[in-house]
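*Asks:* Sequence:
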Amino acid sequence: MENDYSDISFRLLDLSDADDFMEWYSDEKVSKFCSWDAFTSKQAAIQHVADTVIPHPWHKAICLKSKPIGSISVTPFFGNDSCRAELGYVLGSKYWGKGIATTAVKMVASTIFVEWSHLERLEAVVDVENLGSQRVLEKAGFTREGILRKYYLLKGKPRDSVIFSLVSTDAHAHSSSPPVGATRPGHSSPTSTGAERVENNPILYHPNIIINIEEQ
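By full-length UniProt numbering, the letter at position 134 of the sequence shown is numbered 134, and the numbering carries on one by one without gaps.
Just so you know, the hints here were simulated from the structure itself, not pulled from any lab data.
One or more hints might be untrue.
[Claimed, not checked] List of simulated lysine to aspartate or glutamate pairs, EDC-like, C-alpha gap at most 16 Å:
#	residue 1	residue 2
1	K139	E120
2	K29	D17
3	K67	D14
4	K157	E129
The model shown is predicted, which means the values in this text are computed figures rather than measured ones.
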């Protein structure tokens with residue numbers, strides 16, 4: 001599956017996808033390293049998507065043969081930090097270990113610096129025990145920069161994190177055209193409305209904490 005883009009595509013997540021996104025939002029294995037707990041109610045998951053995912057300036061469903069199986073986001077920073085953005089993703093557990101997450105990250109990395117021409121750095125912050133996602137980022141060409149001690153709260157407890165980055169001059173950061181199966185979001189830069197929502201709402205800021213994906 002890895003490096004085969006033909007069956008993987010991105011599109012906007014819609015509330016009509018509730019049955020699909022409940023597959024990962026209700027999975028405790030998926031939520032282990034996420035900022036949210038596993039949802040037990042479909043209506044609560046729908047409300048989460050309506051409030052957090054849909055308003056986000058760059059948040060896409062990861063689709064396998066047109067079926068949403070997870071999501072991936074690029075969250076912009078602002079002001080003097082506007083040259084960087086943060087990557088987040090989540091994937092249904094039954095799709096772990098197939099190279100899908102690595103492929104999706106590579107697809108975003110190959111186009112985001114073109115879509116957002118001001119962007120110089122794409123970073124990802126991963127729980128120190130989240131070895132699966134660390135492997136995903138390494139295989140996608142990201143550089144491991146170091147440990148951020150007690151960097152964020154997970155389920156109310158301070159956690160150490162590993163920070164990874166990809167910069168605009170890295171070999172994996174550009175592609176002359178989108179990989180087969182990738183659909184561009186249609187933004188040359190974060191939309192002003194979406195960006196304002198993210199800047200003013202810390203819940204929107206980190207819709208995905210990168211999860212435990214058991215890549216092989």
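*Asks:* For this structure, which hints from the list above don't hold up?
*Replies:* 1, 2
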